[in-house]
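J.: Please construct the entire structure, taking both the sequences and the accompanying hints into account.
The chain contents come next:
Number of protein chains: 2
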Amino acid sequence: MLDDDASPSPPIHQMATATLTDNSDSSIVPWCQFSRRVLIRSIVCRPDGGAALAGQNVTVGGWVKTGREQGKGTFAFLELNDGSCSANLQVIVDGKVAPLGQLVPTGTCVHVEGELKKPPEGTKQSVELRVEKVLDVGPVDPAKYPLPKTKLTLEFLRDFVHLRPRTNTISAVARIRNALAYATHTFFQKHGFIYVHTPIITTSDCEGAGEMFQVTTLLTDAEKLEKELKQNPPPSEAEREAAKLLVKEKGDDVSQLKSEANKEEITASVAELSRAKENLERLEERSKLKPGLPEKDGKIDYSHDFFARQAFLTVSGQLQVEGFACALSSVYTFGPTFRAEHSHTSRHLAEFWMVEPEIAFADLEDDMNCAEAYVKFLCQWLLENCLDDMKFMVENFDKAAIDRLKMVTLTPFERISYTHAVKLLESVTDKKFENKVEWGIDLSSEHERYLTEIIFKKPVIVYNYPKGIKAFYMRLNDDMKTVAAMDVLVPKVGELVGGSQREERYEAIQKRILEMGLPLEPYEWYLDLRRYGTIKHCGFGLGFERMVLFATGIDNIRDVIPFPRYPGRADL
Amino acid sequence: MLDDDASPSPPIHQMATATLTDNSDSSIVPWCQFSRRVLIRSIVCRPDGGAALAGQNVTVGGWVKTGREQGKGTFAFLELNDGSCSANLQVIVDGKVAPLGQLVPTGTCVHVEGELKKPPEGTKQSVELRVEKVLDVGPVDPAKYPLPKTKLTLEFLRDFVHLRPRTNTISAVARIRNALAYATHTFFQKHGFIYVHTPIITTSDCEGAGEMFQVTTLLTDAEKLEKELKQNPPPSEAEREAAKLLVKEKGDDVSQLKSEANKEEITASVAELSRAKENLERLEERSKLKPGLPEKDGKIDYSHDFFARQAFLTVSGQLQVEGFACALSSVYTFGPTFRAEHSHTSRHLAEFWMVEPEIAFADLEDDMNCAEAYVKFLCQWLLENCLDDMKFMVENFDKAAIDRLKMVTLTPFERISYTHAVKLLESVTDKKFENKVEWGIDLSSEHERYLTEIIFKKPVIVYNYPKGIKAFYMRLNDDMKTVAAMDVLVPKVGELVGGSQREERYEAIQKRILEMGLPLEPYEWYLDLRRYGTIKHCGFGLGFERMVLFATGIDNIRDVIPFPRYPGRADL
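Here the protein sequences line up with chains A and B, keeping their order. Under the numbering used here, the first residue of the first sequence carries the number 1, and numbering increases by one thereafter. Under the numbering used here, the first residue of the second sequence carries the number 1, and numbering increases by one thereafter.
Bear in mind the hints are in silico, worked out from the structure with no lab data behind them. Among the clues, some could well be false.
Which copy? The list can't say, so a pair holds if one copy fits it or any two copies do.
Stated by the list, open to error - Dumping the calculated EDC-like pairs for lysine to aspartate or glutamate here, alpha-carbon to alpha-carbon at most 16 Å:
1. K118 with D478
2. K96 with D388
3. K144 with E524
4. K299 with E226
5. K224 with E211
6. K299 with E223
7. K376 with E228
8. K511 with E285
9. K423 with D253
10. K290 with D388
11. K457 with E446
12. K492 with D403
13. K296 with E223
14. K423 with E341
15. K248 with E281
T.: Quick look at the structure:
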């Protein structure tokens, strides 16, 4: 530990200047700058599998995937993983170095120092670690550990969201998700977009409908009040009457005194009167306290809520980020969004992340160009930065995962109008759709996947949708029946991106709001963007978990977000 | 617009391959890849101010900062800003090209094509744009525009969060904030940390206390039910009695028929009976519906809420991200956090963003090293990538802003124990603190700022705080009276970072939870991290808005977040 009264200069601080990504082919394993170990990735994820590092002394830490004692307890072999990659490092501990029994159970954490050695001919590892010193052990009772070595289903793991990142699959998904998030920022920054933190708590409703979660302090306030009133009940009618009487008496005293008494007596009497008045006031105030929610005209009185009005969790940052686009020109938001829908599907979450760019001086064509370039960039990024994890997904979940990424990076996306898409689907004879296809319907998942998986076998952008099925803020086309909307459909997940050119004309958007039966008042600020210095602009939203599903080939969205929230479940 | 039935190959898509950051000194201005303009930044923010670009044709868009007609309406001079930098481009429009009156009001949006020219000698610009074509105008009625040219206070602008990014200050702050966010990701990615999205909606309470916002659908559900019951009231007692009677009658009918009637009659009669029973059941069910919140044992019954239990907005992602650190070793979260505190100060928000790294195989010293390196990296990043905006802040808000960044990047942070800090503060004679200093107190802002601004004149890390004033998860030191906590204090804002080594010993943390009067049950998952493969680990939290305050020199935290939320206010 640190010396309590000195200002220590930590030695590791000065020593460790190499960064982790310094993963060059030299024979020096880079130290983690802020932890006492080297990354297992920097040993085993080299082209030579680490062979050239033999002879080096390193410190590593990680959790035992599998462990076994051998040679009648002379040695222990541990497959160690530290989450930096899906590959393990083979670690060999001599029984003379440490008691082996506590090292071998799956899930044990070990922090060890030793020498990297070339293993005997014929083994699959290129390098292994001979331990010279065990620095730390975090033991596991194998009888109790919830994640034994046997293969566990993703569904089973959902009951252990705090431990499941220790599994190969969930940790690979976490690294792919991380790569996609950083690729997202890198793409937009590279193209001059400003990242804007749109609000999570909102008093606007982006979709004009939509099930929203309410954010409130009224319920906890009411509970507190109820508790308080139980400990300290409000005054009875009799108490209040008595207090009133006292005020009257003290008042009489004062008026009697006024003519005759001396100053001191008057002052004392007046003081008593004001104390009696204060007491009465307090009682009256407390007698108004009622358990339950504050009400006004038979409705909940939200003027007592934290924000003095009803507030909700955002369903999209789009409307707010438009305000920034109409000032900073190219912006994006990347944050959590929420839907209180009772969907129990493998495609819906109550809390999920969305990427929403918004571009001024741009139309639907620019929007499609941006969406296509962004999705291609993400796929290329994974191929360049996450190939080991992608290979793991191919071997364990989806043979096509890497091919799908390559296809997306290499193939121009098909672009077809909604009208054309409907014609194509109407002429399909080899498949009967559950939902009938005709101009005016919202394409359902089966239609979208047929277009991208069967007809075109590549990503498809469908644009110019009927205005009746789209939101009020989408720009009305000159045909007066379609709006400048576009969806990007990809194999495996269907709709990945939804976007539009926004209606920038003041009269047109006002008319659309009213047409949809929405009140104007909550949108006055949004109308201001059209009233003052309006500009053509467009944007889209990419469901981040959909992208992770697309990349990994995982089937259920609950397995690609660290802490899934859905009806009836919000663990931790 | 797009041809409705074709698959257009957009020309701009193929044409524009240069990216915005291609801001080389060549004489070609790079096009925005996804919008129909070049960035004003790429013209005016060059070492030569754009002089070498004279002769080029460009398209730009932006909002008029100031505009004036000159030469009796022959010309208009516009100072145009597109949010890509704080500098404007001077734009000159000939009266023959467009009517000038609608171009000059402040706030007007113009999208124009023209030739860059060298201005006459003696003007401050290095280049100006002679407009040849006006592509689009978004006009403004100057009598109504809420943000006229006159200098507006930041406080006034808070009533216009949708328009305020058009002002010089708010847009400069937005770009600095953006740079800090990307620098954050870059720093942690560079050092091998995995970005983890911790949950926003949570059923854990990180601090063990703390005012939290509740997330619920119960109130809106109750409102819906109340509406429904008004339209369609529950059955009266009489209706239910009549229904019961009918069931009895139909039952009697059936039993009478059984002996004598034919099969057909029996079937019909049985069918009538079951219809009567169904009707009764429906009525009984509806008669149970009561307006108001669902209750059980006199309390709100949260089993009817969306997540089947009480849920809140997170106050910190730390506990959850620890689960990932105990699997992936080095992780961080960067997301919104919430406090339902009725603080009306210039330093508190109800919704704010936090950066929280967590490192396994690491102790308090590593934690301090990481925090110091991260803060230095942020400052260096702004000096390298945001100098124009920083200069704007220096000229308009805080003369010391750039010097402060330089000082942080160059100076090793002072590291002193809490005990030493208290001794230093106790010996201060030139200042009387409002809060008395003695061992055991929580340092208040005046103490923190005195340490960093007056005594050391640089960032100070105070470590090893008394356990009584810190959270249960901090590691108890061997002296049994302090915990391995550390705070980074910086001039101007005081506490910028708070962190600790976490208590990794199962018995010790269990004892601490109980000592603090907290129940064990909600922390069982957290205890699991110590039960199974525990490891030394540490982490910290950086209040992102505090960092923006520190960098910009802005005084009020409400002006450094796009959409501030505080008691009584949640606009948009």
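J.: So, for every hint listed, does it hold in this structure?
T.: For each hint, the structure was consulted:
Proximity of K118 and D478 under a CA criterion of 16 Å is satisfied in neither setting, with 72 Å inside one chain copy and 41 Å between copies. Proximity of K96 and D388 under a CA criterion of 16 Å is satisfied in neither setting, with 36 Å inside one chain copy and 63 Å between copies. In this homomeric assembly, K144 and E524 come within 16 Å of each other (Cα to Cα) only across copies, at 14 Å, whereas the closest approach inside a single copy is 59 Å. Only between protomers do K299 and E226 lie at most 16 Å apart by alpha-carbon distance; the minimum there is 10 Å, versus 19 Å within a single protomer.
Taking the shortest Cα distances, K224 and E211 sit within 16 Å of each other only across copies (12 Å), while inside one copy they are farther apart (28 Å). In this assembly of identical chains, the alpha carbons of K299 and E223 lie at most 16 Å apart only when taken from different copies (9 Å versus 18 Å within one copy). Taking identical chains as interchangeable, the C-alpha atoms of K376 and E228 are never at most 16 Å apart, the minima being 59 Å within one chain and 49 Å between chains. For a Cα distance limit of 16 Å, the shortest separation of K511 from E285 qualifies neither inside one copy, at 49 Å, nor across copies, at 43 Å.
Within a single copy, K423 and D253 get their C-alpha atoms no closer than 95 Å, and across copies no closer than 59 Å, so neither meets the 16 Å cut-off. Taking the shortest alpha-carbon separations for K290 and D388, neither the intra-copy value of 62 Å nor the inter-copy value of 57 Å comes in at or below 16 Å. For the identical chains of this complex, K457 and E446 are intra-copy neighbours only, at 14 Å inside a copy versus 65 Å across copies, given an alpha-carbon limit of 16 Å. Only within a single protomer do K492 and D403 lie at most 16 Å apart by alpha-carbon distance; the minimum there is 12 Å, versus 53 Å between protomers.
For a Cα distance limit of 16 Å, the shortest separation of K296 from E223 across copies, 14 Å, qualifies, whereas the shortest one inside one copy, 19 Å, does not. Neither within a single protomer nor between protomers do K423 and E341 lie at most 16 Å apart by alpha-carbon distance, with minima of 32 Å and 57 Å respectively. With identical chains, the CA atoms of K248 and E281 are at most 16 Å apart within one copy only, with a shortest distance of 14 Å there and 61 Å across copies.
In terms of the numbered hints stated before, the structure departs from hints 1, 2, 7, 8, 9, 10 and 14, listed from lowest to highest.
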